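Colleague: When we follow UniProt numbering, the leftmost residue of the sequence shown carries the number 1, and every step to the right adds one.
Calculated from the structure, these hints are not laboratory results.
None of the values given here were measured: they were computed from a predicted structure.
Keep in mind that the hints are not guaranteed to be accurate.
Said to hold, decoys possible - Subject to a maximum C-alpha distance of 20 angstroms in a straight line, what follows is the list of computed DMTMM-like cross-link-like pairs (lysine to aspartate or glutamate):
| hint | residue 1 | residue 2 |
| --- | --- | --- |
| 1 | Lys294 | Glu209 |
| 2 | Lys205 | Asp278 |
| 3 | Lys205 | Asp149 |
Stated by the list, open to error - Computed Cβ-Cβ distance ranges for the label pairs, DEER-style:
| hint | residue 1 | residue 2 | range |
| --- | --- | --- | --- |
| 4 | Arg212 | Pro276 | 17 to 27 angstroms |
| 5 | Tyr291 | Arg130 | 49 to 59 angstroms |
| 6 | Arg129 | Arg248 | 43 to 53 angstroms |
Glycine residues also receive a C-beta, built at the ideal position from the N, C-alpha and C atoms.
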Amino acid sequence: MHIGLTAGGKINSIGPTLAKLIEGPSPIGVAFLKVFAVRRPAGITSMEDLRARAGVRLHVDLRGKGDTFRGLAVPTADGGLLLNLSFGIRLIDAVRQHSLTDADFAATDMAVEMLYLVEVKQAVMTELRRLNLRLQGAKATAEEQALTDTLTGLRNRRALDVALPALIGQGLAFGLMHIDLDYFKQVNDTMGHAAGDLVLREVAKALVEETRTSDIVARVGGDEFVVLLPGLSDPARLQQIARRIIDRLMQPIDFDGRACRISASIGLTISTLYDPPDGERMLNDADAALYASKRAGRGQAQFHATKGDDLLSA
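Throw the hints in and build the complete structure from the sequences for me.
Modeller: And the structure:
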């Protein structure tokens, strides 16, 4: 970006980029100090002052525009001056503000190199952000997969080990069901593992449909499931849900035209029976109630009770 001045201090030539910034009428023939103001060195108010500072670094403002330039003035053979200006450290801001491109600078101008570096940096930063988002997505997916049973899509034992202490920590009363499938081994043995896998998926679907979206349903073993029911600690209500689940799972499941028949035994407990609630103890008690259900004939639910109280059945 250059400006040519006559011996009298008028502009006789100007680079196209500077002309683009000035806008309005052409400054050719206008006194340089009417278009620009020399901010540093101080005290430059005439062509003689400017000529006396030839070779000294100048800080020049474009009047009424707010643009600031750095540059040098060198004498010309006709007694005038040639000023070579640049944006200095404001280059990037100026390029954005005035929508400049590399075509607005000489090919040998270091500003072009700076623009290339900035462009490369922006491209690298964009790619890094994209990669970071992909990594975050992959991490979230991996974490979700680590907590999900691959066959049924339910939570797995690891997820239960996280959810149960978290629920206790909230101080909210909740119910716990331990469910084991009756006659599942016979299905596997007589119809094969494909039939068994289908049954497990259908059981998972039924458990999700028979519970609330806020409940946590986990497959914790081959044919074992645990359900956490936050905010639900009424024994009668829990028994109703357990009975509904048992009735649902007694319905035949079709596998290639053959009926797979299972049922479910359920052990129940509630957090209010414990002071304080203990996740491992609740699981053990629900497991004991579950096997009491199996001993009582299967296809039913037993409710854990403490201090020698009788088990409640559904």
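Colleague: Against this structure, judge whether each hint is valid.
Modeller: Cross-check of the supplied hints:
1. Restraint check for lysine 294 and glutamate 209: the C-alpha separation of about 24 angstroms exceeds 20 angstroms, so the hint is violated.
2. Distance hint between lysine 205 and aspartate 278 is unfulfilled; the C-alpha atoms sit about 29 angstroms from each other, more than 20 angstroms.
3. Among the hinted pairs, lysine 205 with aspartate 149 is consistent with the structure: their alpha-carbon atoms are about 13 angstroms apart, no more than 20 angstroms.
4. The hinted window of 17 to 27 angstroms between arginine 212 and proline 276 holds, with their beta carbons roughly 25 angstroms apart.
5. The hinted window of 49 to 59 angstroms between tyrosine 291 and arginine 130 holds, with their beta carbons roughly 54 angstroms apart.
6. Checked against the given bound of 43 to 53 angstroms, the beta carbons of arginine 129 and arginine 248, roughly 48 angstroms apart, stay inside it.
Hint compliance for this structure: hints 1 and 2 are broken, all remaining hints hold.
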